[in-house]
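Going down the list, the sequences are from chains D and S. Position one of the first sequence corresponds to residue 100 (our numbering), numbered consecutively onward. Position one of the second sequence corresponds to residue 100 (our numbering), numbered consecutively onward.
There could be a bad hint or two in this list.
It does not matter which identical chain is used: a pair holds within one copy or between any two.
Mimicking EDC-like on lysine to aspartate or glutamate, the simulated pairs with C-alpha atoms at most 16 Å apart in a straight line are [claimed, not checked]:
| # | residue 1 | residue 2 |
| --- | --- | --- |
| 1 | Lys237 | Asp447 |
| 2 | Lys237 | Glu508 |
| 3 | Lys592 | Asp350 |
| 4 | Lys302 | Asp350 |
| 5 | Lys592 | Asp342 |
| 6 | Lys308 | Asp481 |
| 7 | Lys284 | Glu508 |
| 8 | Lys263 | Glu577 |
| 9 | Lys592 | Asp449 |
| 10 | Lys178 | Asp569 |
| 11 | Lys308 | Asp213 |
| 12 | Lys344 | Glu298 |
| 13 | Lys178 | Asp324 |
| 14 | Lys308 | Asp540 |
| 15 | Lys263 | Asp518 |
| 16 | Lys344 | Glu169 |
| 17 | Lys344 | Asp452 |
| 18 | Lys592 | Glu305 |
To be clear, the hints were calculated from the coordinates, so they are not data collected in a lab.
Protein chains: 2
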Amino acid sequence: MPTPFTPTRRQLLTMIGQVAGTAAMYQAMTSLGFAAESGYTGDLSLQGPRQGRRVLILGAGIAGMAAAYEMRLAGYEVKILEYQNRHGGRCLTMRGGDRYTEMGGHEIACDFQDGNFFNPGPWRLPVHHRAVLDYCRKFGVAMQPFVMKNNKAYVHSQHAFDGKPQRIGHVEKDMRGHVSELLGKSLQQGDLDGQVTLEDREKLLEGLKEWGVLDSQYRYRVSDDLGGVRGYDVRPGGGLMADTKPSEPIDLSPLLQSGLWDQVFNFNSYSFDPPMFEPVGGMDQITDAFAREVADVIQLNARVTRIAQTDNGVIVTYADGARGGEMREESADWCICTIPLSVLGQLDVDCSDAMRRAIGAVPYASAFKVALEFRRRFWEQDDWIMGGVTYTDLPLVQIAYPSYGFLSEGPAVLQAAYDTATAGRTFTYSWSTMTPQERIDAALAFGRQIHPQYDAEFMSGASWVWHRVDWSLGCYGEWTDGLRDAHYETLCKIDNRLVLAGEHCSHIPAWLEGSLLSALDAIQRLDQRENA
Amino acid sequence: MPTPFTPTRRQLLTMIGQVAGTAAMYQAMTSLGFAAESGYTGDLSLQGPRQGRRVLILGAGIAGMAAAYEMRLAGYEVKILEYQNRHGGRCLTMRGGDRYTEMGGHEIACDFQDGNFFNPGPWRLPVHHRAVLDYCRKFGVAMQPFVMKNNKAYVHSQHAFDGKPQRIGHVEKDMRGHVSELLGKSLQQGDLDGQVTLEDREKLLEGLKEWGVLDSQYRYRVSDDLGGVRGYDVRPGGGLMADTKPSEPIDLSPLLQSGLWDQVFNFNSYSFDPPMFEPVGGMDQITDAFAREVADVIQLNARVTRIAQTDNGVIVTYADGARGGEMREESADWCICTIPLSVLGQLDVDCSDAMRRAIGAVPYASAFKVALEFRRRFWEQDDWIMGGVTYTDLPLVQIAYPSYGFLSEGPAVLQAAYDTATAGRTFTYSWSTMTPQERIDAALAFGRQIHPQYDAEFMSGASWVWHRVDWSLGCYGEWTDGLRDAHYETLCKIDNRLVLAGEHCSHIPAWLEGSLLSALDAIQRLDQRENA
């Protein structure tokens, strides 16, 4: 880099004066300015109901609880009917002692040690999921960084490098180096002179040299400088320890043929941009915080069977678990229904034909997770992997290392297998057919190819298969562009006295933020209708 | 990506059997295997002293305290003489109520609110600094991720984009996109056919398309896919919120001319690879943990003036602050001296001429920091910057956002200016001439160009200038290749009964790890000499 101007003390103080007095300072990016990026402004401005208006909400997930919280604040009388004996919906956390009987009759038993847990559903928050983060701030949910990208974690293919996992940072930096070298060659050969000005060409060459850590001939080769970027075979030490030895890059051809570069692309997503976050102590801390606000209006164990509409309101029929399944009715002026479409499609719902078609049109994505508890954090102690995600072409697809309890001595839990049926991968269908024990066996058998310590350190496991959950029948609404064009607007529109919410009514499927924003949007429109 | 093979349940279970039985599993990366990367093995294997042997250690920084801890464990009698009235050396944390009078007579007053702090010296730990992390594990120092790279933080130039800061993720992804497009063109034109095989060319084109988010004609253009990687002008919402609008990339030429790509290269360093870590509650938690182990052998307020050597031992003369500065002597069989060379060079030391020249040869780098406390976390609330570092060509060089207390409501502290006199930048010399108040004024005046909220939210500030610290006279030993060749080995070698340690005796200057490894290496050599 060029040497910047170095002011003397007097010059520096003069600069300060000039800066302080300047009128040309760039326009401040205020909260208002940035809010434009988001449908969420932090200000709902509900006008509130006419006298004594009642809203019935179906489902005590984040959408239903947020709707209840905001509508009650605005003056509506609210009630939530929840099918399960718990709040939180798909945002849940399993801890030692938890038991869950899945469809098919198998019981999932979680026997993790105190303080250990796993999140079968959402497990991390992008920093731009402002609505969720803003409620966490308001409700005092403590947040910690979730390590998504760890350059020390692995990418792995059974068919490359003799099955030996490669560090993410190595693969990424080597590809960057090779790409820089090749483009440098092209630029020097003048191949791109028609596309790039001479001035840009020089800047670009200078930049590629630093970005790709190229030598003076623009080659990507082992060097001391490369050690400072890619790491070392023998790292710099203290005193008279052995001489530093920079690590050797992987050649372009084997790297390309390995397919491992593709795995690194997993980190490209805007949603995975650093930093990500997680609540301290498990994802259910978020929904628990909402529940603290609205627990008094949630009726658990209420299995809705029918949503009837009149001109002026709704009548919802449900089996009341607290009274031995006795069928009961609740009436209200409005109904906000957050029941997953996979379940809702099987209920008796009064709504337009268009909405009924929309409800039936969206398939639900399959997804599974297996979590394994080990006696010690061997991934930290042996492999220097503190947090982050390893990707592999093995059917376990990814291993996520915990972002909490770093360096502690006791047992810890890996999210040892996870995938959804997207991006052309359908491993999840196979895993969904397995018994809970078979899933643990599979996660161990595959995972030990990456972490041979599995055998010696394994304690217990738990798993989750979203297609075996009777209250969701899948993980999330799997929209295509065609389905969106045909049904999305209908699905979200207020249908007489009924409006739907939940991640399926959003452009952010499977994320808490989508669910929450869908609820905030629905209640704003409902409130406008109420006051129209 | 190609669709992977999807096994049936039966096939999957068969695969597991095969995998479990395979003998060709890659060789386990055990702790032993990885230790080869590091001079630190976690196993010192000191043989211990002959009867009643005494070691005098000068300086209660991490090097001195680690030496004391390990040598006492091995059976040596140890004592530490420390100049200051505190342990920890350059690893220190300032909190509300702390006062420090720097050389020149100005007092730095830190008036931060409870729970807020700033680290004038080391402030983050790379994950491969295994020795420090291993002691933290052993001593139970809780560790949390330190957000180094935040794609939402800024790069900024006064002379680019009308002085408007740009998101790091935008600049990085745009450069990646443009580089991919250009290399894609070259490859398609056949410019590199001599360098890349046809098969690699296809793989590379496929990879560049995904890495750079290129369209079907290998162009880097705004698209829905690009939104999913680069972000949005209007982000995906819930319900019937406004339509998603992907953000527009910056063109190649203005981006190159802005120099902002260069700033992103700051994150290239292996030391900054994600994830980095920090102890919960301030960096002094690390040295406090060492001090808990060795406090009983530390004598504070002991100003060493002379290190004399005999054939069989050392005699150290010091002014004893506990007795009004009375001159006293301590004898020992060995002396481990961790006093910075900048100070040591001014003391009366019996050692070889070669070592004396080495001590005098290494200049000490200048470095400064300014920390500012603000009423609220506007960087999080307004700018969505949660942790990380912003770089700028303003003389403040960088702003670091706290990696603790995320989303909390109260006052918080930015490391609002920081630089060392390296990489051709010498801003730190100017800052070092300013009074503490002038530094705060300067950090505010420059910083408000990036965060206009400074004016409304400022509460108080503190600063640190390493060349105004009488016990270090600079920040760290600034080695060049030439100086290393001439003096490093001499400096580290045992000189009769004296051996030096500290970051200046390492290949990792300015980092705790260098200091710690230098001590571990020195005591191993000393122990071998003792037992020779």
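Since the copies are identical, ignore which copy is meant and state whether lysine 302 and aspartate 350 lie within 16 Å (CA to CA) inside a copy, between copies, both or neither. Between. Shortest inter-copy distance 14 Å satisfies the 16 Å Cα cut-off; intra-copy 26 Å does not.
task: Up to 16 Å between alpha-carbons, please classify lysine 263 paired with glutamate 577: within, between, both or neither.
output: neither (35 Å within a copy, 39 Å between copies)
Notebook entry, point to check: Is the C-alpha distance from lysine 308 to aspartate 540 at most 16 Å within one copy, between copies, in both cases, or in neither?
Noted result: Classified as neither: same-chain Cα gap 48 Å, cross-chain 38 Å, threshold 16 Å.
### Within, between, both or neither, where lysine 308 and aspartate 481 count as close if Cα-Cα is 16 Å or less
Cα proximity of lysine 308 and aspartate 481: none, with 34 Å in one copy and 36 Å across.
>> With identical chains, the pair lysine 237 and aspartate 447 could be close in the same copy or across copies; at 16 Å between alpha carbons, which is it: within, between, both, or neither?
In response: neither (38 Å within a copy, 61 Å between copies)
Worksheet entry | Identical-chain pair category, lysine 592 with glutamate 305, by Cα at 16 Å | neither (54 Å within a copy, 41 Å between copies)
- prompt: Within a copy, between copies, both or neither: where do lysine 344 and glutamate 169 come within 16 Å Cα-Cα?
  reply: neither (60 Å within a copy, 28 Å between copies)
**Q.** Intra/inter-copy verdict for lysine 284 and glutamate 508 if alpha-carbon distance must be at most 16 Å
**A.** neither (50 Å within a copy, 52 Å between copies)
* Asked: At most 16 Å between C-alpha atoms: does lysine 344 with glutamate 298 qualify within a copy, between copies, both, or neither?
  -> neither (37 Å within a copy, 33 Å between copies)
Next on the checklist: For lysine 308 and aspartate 213, with the copy left unspecified, which applies at a CA distance of at most 16 Å: within, between, both, or neither?
Outcome noted: neither (50 Å within a copy, 46 Å between copies)
- If the cutoff is 16 Å on CA atoms, where do lysine 237 and glutamate 508 land: within, between, both or neither? Let me know, please. Only across copies: lysine 237 and glutamate 508 sit 9 Å apart there, 34 Å inside one copy, limit 16 Å.
How would you label the pair lysine 178, aspartate 569 (within, between, both, or neither) given a Cα cut-off of 16 Å? Neither: 23 Å inside a copy, 68 Å across copies.
The structure fails hints 1, 3, 6, 7, 8, 10, 11, 12, 13, 14, 15, 16, 17, 18 (numbered hints given earlier, in ascending order).
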